[in-house]
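Protein chains in written order, with this note's numbering: chain B, 410 to 764; chain S, 410 to 764.
Heads up, a few of these hints could be off.
Any copy will do: because identical chains look the same in the list, a pair fits if it lies in one copy or spans two.
[Unchecked claim] Below, simulated DSSO-like cross-link-like pairs (lysine-lysine); rule was C-alpha separation at most 30 Å, straight line:
1) LYS633 - LYS593
2) LYS544 - LYS593
3) LYS593 - LYS632
4) LYS593 - LYS628
5) LYS593 - LYS715
6) LYS526 - LYS633
7) LYS632 - LYS526
These are calculated hints, taken from the structure and not from any lab test.
Quantities reported herein were computed from a predicted structural model and do not represent experimental measurements.
Number of protein chains: 2
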Amino acid sequence: MSLTVGGRYDGILGVTAALEVLRTIHAAGYKPHAPLAAIDWTNEEGARFPKMCCASSVWSGSQKVEAQHALEDLEGTQMKAELERIGFLGKEKCSYIDMPLSAHFELHIEQGPILEKEGKKIGVVGGVQAMRWYKVTCSGREGHAGATPMDNRADALLAAAKLIAVVNTSSIAHGAVGTVGIVKTATEAVNTIVGGAWFTIDLRCPYEHELDAIEQELKDAAKKITSADGVMFSFEQTWDCPAVRFDKTALSCVRAAGEEYIGKEMCREMDSAAGHDRFHTPGIRLTYSAETSMRVPTAMIFVPSKDGISHNPNEYTSKEEWYKSNCDKKLTTSADGAQVLLNAVLKYDSILQGE
Amino acid sequence: MSLTVGGRYDGILGVTAALEVLRTIHAAGYKPHAPLAAIDWTNEEGARFPKMCCASSVWSGSQKVEAQHALEDLEGTQMKAELERIGFLGKEKCSYIDMPLSAHFELHIEQGPILEKEGKKIGVVGGVQAMRWYKVTCSGREGHAGATPMDNRADALLAAAKLIAVVNTSSIAHGAVGTVGIVKTATEAVNTIVGGAWFTIDLRCPYEHELDAIEQELKDAAKKITSADGVMFSFEQTWDCPAVRFDKTALSCVRAAGEEYIGKEMCREMDSAAGHDRFHTPGIRLTYSAETSMRVPTAMIFVPSKDGISHNPNEYTSKEEWYKSNCDKKLTTSADGAQVLLNAVLKYDSILQGE
Numbered sequence: 410m411s412l413t414v415g416g417r418y419d420g421i422l423g424v425t426a427a428l429e430v431l432r433t434i435h436a437a438g439y440k441p442h443a444p445l446a447a448i449d450w451t452n453e454e455g456a457r458f459p460k461m462c463c464a465s466s467v468w469s470g471s472q473k474v475e476a477q478h479a480l481e482d483l484e485g486t487q488m489k490a491e492l493e494r495i496g497f498l499g500k501e502k503c504s505y506i507d508m509p510l511s512a513h514f515e516l517h518i519e520q521g522p523i524l525e526k527e528g529k530k531i532g533v534v535g536g537v538q539a540m541r542w543y544k545v546t547c548s549g550r551e552g553h554a555g556a557t558p559m560d561n562r563a564d565a566l567l568a569a570a571k572l573i574a575v576v577n578t579s580s581i582a583h584g585a586v587g588t589v590g591i592v593k594t595a596t597e598a599v600n601t602i603v604g605g606a607w608f609t610i611d612l613r614c615p616y617e618h619e620l621d622a623i624e625q626e627l628k629d630a631a632k633k634i635t636s637a638d639g640v641m642f643s644f645e646q647t648w649d650c651p652a653v654r655f656d657k658t659a660l661s662c663v664r665a666a667g668e669e670y671i672g673k674e675m676c677r678e679m680d681s682a683a684g685h686d687r688f689h690t691p692g693i694r695l696t697y698s699a700e701t702s703m704r705v706p707t708a709m710i711f712v713p714s715k716d717g718i719s720h721n722p723n724e725y726t727s728k729e730e731w732y733k734s735n736c737d738k739k740l741t742t743s744a745d746g747a748q749v750l751l752n753a754v755l756k757y758d759s760i761l762q763g764e
Numbered sequence: 410m411s412l413t414v415g416g417r418y419d420g421i422l423g424v425t426a427a428l429e430v431l432r433t434i435h436a437a438g439y440k441p442h443a444p445l446a447a448i449d450w451t452n453e454e455g456a457r458f459p460k461m462c463c464a465s466s467v468w469s470g471s472q473k474v475e476a477q478h479a480l481e482d483l484e485g486t487q488m489k490a491e492l493e494r495i496g497f498l499g500k501e502k503c504s505y506i507d508m509p510l511s512a513h514f515e516l517h518i519e520q521g522p523i524l525e526k527e528g529k530k531i532g533v534v535g536g537v538q539a540m541r542w543y544k545v546t547c548s549g550r551e552g553h554a555g556a557t558p559m560d561n562r563a564d565a566l567l568a569a570a571k572l573i574a575v576v577n578t579s580s581i582a583h584g585a586v587g588t589v590g591i592v593k594t595a596t597e598a599v600n601t602i603v604g605g606a607w608f609t610i611d612l613r614c615p616y617e618h619e620l621d622a623i624e625q626e627l628k629d630a631a632k633k634i635t636s637a638d639g640v641m642f643s644f645e646q647t648w649d650c651p652a653v654r655f656d657k658t659a660l661s662c663v664r665a666a667g668e669e670y671i672g673k674e675m676c677r678e679m680d681s682a683a684g685h686d687r688f689h690t691p692g693i694r695l696t697y698s699a700e701t702s703m704r705v706p707t708a709m710i711f712v713p714s715k716d717g718i719s720h721n722p723n724e725y726t727s728k729e730e731w732y733k734s735n736c737d738k739k740l741t742t743s744a745d746g747a748q749v750l751l752n753a754v755l756k757y758d759s760i761l762q763g764e
C-alpha cells in the first residue's frame with residue numbers, strides 16, 4: 410500500500426499526527442488487519458496535575474487509577490473532579506487488561522539537538538536511556554579566607570568543584586551524559602572558606618553497566634579528594650530509572666518505514682534521552698512509550714527539535730524544512746514524522762496479519 | 410628595665426592589655442620618655458555602625474569624622490547621637506595632626522591557625538597582606554540534561570568549577586591564599602545544564618606582584634576553558650587593598666621584645682592576613698594598625714587563636730597555656746602578648762629618648 414499523509418501539523422505533534430494517520434487510512438478506504446486507535450494520554454506531562462505519564466502508567470498498571478484521580482493541581486482541584494466537570498471521566502477501564510493493545514507507536518520531537526546537528530530527519534528510537542540521580546554532600550571546615558593557610562583547609566566548595574569536573578570527564582569517557590544542575594553551599598560570604606556544600610548529579614546512558622562504572626569512578630575520585638583535601642563526601646542516590654529497550658519487531662518497522670520513505674542517510678538510530686522529565690519537577694517519569702513497552706511491543710519515532718530546545722517556550726519543530734542538509738526532498742519535518750508513523754503502523758499491521 | 414605585667418586578660422584582649430601595660434609602668438613608678446596612651450578606637454569592627462576602622466580612619470585622615478558620625482545602625486540611630494547620649498562625644502579633634510603619636514603598637518589575636526599549629530607563642534607582624542576581591546561571571550547555555558550531547562554543551566557551572574580549582578592551585582603556587590566563598594547559578598534544577606553562574610574570589614598575599622601573577626593565570630585559564638567549553642567569562646575586581654609594610658624600627662622592637670622574653674624559637678615572623686574584615690560585610694577595611702601605619706611607625710603582636718577560629722562565637726585565646734609545645738614555661742598566652750607589648754613599647758621609648 411502507499412498512503413500519503415496530508416496537512417501540516419501545529420500544536421501537539423504526536424496526537425495530531427496520530428489522528429492524521431487514522432484520517433489518511435480512512436480516506437483511502439484501506440482496512441487494516443488490526444483496529445487502529447489514536448490515544449491522547451491524559452496529563453502525561455504533569456503540566457497541571459503533578460505526575461508524569463499519568464494515564465499511561467494507569468494503563469500499564471504501574472500506577473493505580475485512584476491515586477492519579479486524587480492528584481491535585483495548584484488550586485487544590487482534584488483531577489477526577491475536573492475530568493467529571495469537563496465530561497471526560499469515561500466509564501471504560503483503561504488498563505492493559507481491559508483495553509489491550511497489540512502494539513504502540515509514538516511520534517515525538519527529539520527534545521535534543523542531535524538530529525538537527527547531524528542533518529537527519531528521522532530518529533529511529535531504540536529505547537529510553539537509563540537515568541540515575543544523586544545528591545552528593547561534602548563536609549569540610551569553615552575558616553577565615555585570609556588567615557587560614559592553604560595547607561590547613563578543608564574547603565568543601567573546592568572539593569565539590571573537583572568532583573564536578575570528574576562528573577564531566579567520566580560521563581564522556583563512558584558515552585553517557587552527566588550534569589550537575591544544582592550546587593549549594595552552607596555559607597555564602599566572600600571571605601569565608603566554605604565548610605559544607607552539596608550538589609546534584611544527573612547521569613543518563615543506554616547502558617546500565619556504564620552508569621555503574623561512572624558511579625564507581627566518582628566514588629574513587631571522591632576518596633582521592635577526601636584524602637587530599639580533608640573533606641568528607643557522601644553519596645545519596647535519589648532516583649534510579651532502568652533503561653528501556655523497545656521491541657525489536659516494532660523497532661524494525663520504524664527503521665524500515667524511515668529508510669524506505671526518506672532514505673537511510675536521513676535516519677539515525679538513537680535513544681530517547683529525555684524521558685519526559687520536566688524542569689523543576691523532581692518526581693519525573695519516563696515517556697509513555699516506556700510505560701506501554703512494559704506490556705506490548707512499542708517503538709518511537711523522533712523528528713528534529715529546533716536548536717535542540719525542549720520544555721521551553723522556544724520549543725519548535727517546523728512544518729517547513731528548516732535545516733540545510735543534503736536532502737533534496739522538500740518535505741515538512743512534522744509530516745515526515747507522520748508519514749513514517751503511518752508506514753510503520755501499516756508494516757506492523759502486515760506482520761500481525763501474517764501471524 | 411624589667412617590668413612584669415600581672416593579671417589574666419578576658420574580654421577585649423588588645424585594650425585590656427594596653428591598660429595593663431600602663432598600669433604596670435605606673436605601678437613601678439617608671440617614667441617613660443614619651444607619654445603613653447591606651448587607645449580604644451570607637452566602632453573599629455563596625456559591629457554596630459557599618460564601617461570598619463571607623464575611628465582609626467578618622468585619625469589617619471582617610472575618612473571624614475562627619476561621615477563616620479552620620480553612620481546609622483540597623484535601627485536608624487546615628488553614631489554621633491549615640492555617642493552624645495552615652496557621654497562619649499569628646500571635644501578633642503582626633504586626627505594625626507591634632508593628636509599626634511610617635512608610634513602605635515597593637516596586640517591582637519592571630520585570627521588564624523598558624524601560631525597554634527606551629528606551636529609558637531608570639532607573632533611578629535611585618536605588615537598586612539594585600540587583598541583583592543573579584544566577581545567572576547560565566548555565561549553558557551541552558552540545556553536539557555538528558556538530551557544535550559556532551560560535545561554540544563556550554564555548561565557554566567562546569568566551567569566555573571574548573572576555574573575554582575585553578576584559584577586554588579595558582580594561589581598555592583604563588584604563596585598566596587585564595588578562596589571562593591560564594592557560587593551562584595542562574596538555574597537550579599537537577600536536569601538542566603546551568604546556563605549562567607558567578608562566583609567570588611578572595612586573594613591575599615604579602616606581595617602585590619604575586620597577586621598580579623595569579624590574576625593573569627586565572628584569566629589565562631578562563632580563556633582556555635572558554636575555548637574548550639564554549640562559555641564566556643568576565644572578571645570584575647570588586648575590591649583592591651594594597652599591602653601594608655610596618656615600620657622597620659617599630660617591628661624590630663617587637664621582634665627583640667618577643668625573642669628576649671619568650672625565646673626566638675617561640676616567635677614567628679608573619680603577616681596579618683585578616684585585616685579586620687567581617688563576615689558578610691563587603692565594605693571592609695584594614696586593621697587600625699594599617700590606618701596608623703599611614704602616619705606613624707606602627708607594629709603588631711599576635712598571640713594564638715584557639716583552632717584558628719575568629720569572628721565567630723568560638724573565637725578564643727586562652728589565659729592558660731593551651732597547646733602542647735616544647736615550651737617549658739608555664740605562661741598564659743594573653744599575658745605573654747601583654748608582656749611583649751610592654752617590652753616593645755619600652756624599647757621604642759628608649760630609641761625615642763636616644764634621638
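For this structure, which hints from the list above don't hold up? none
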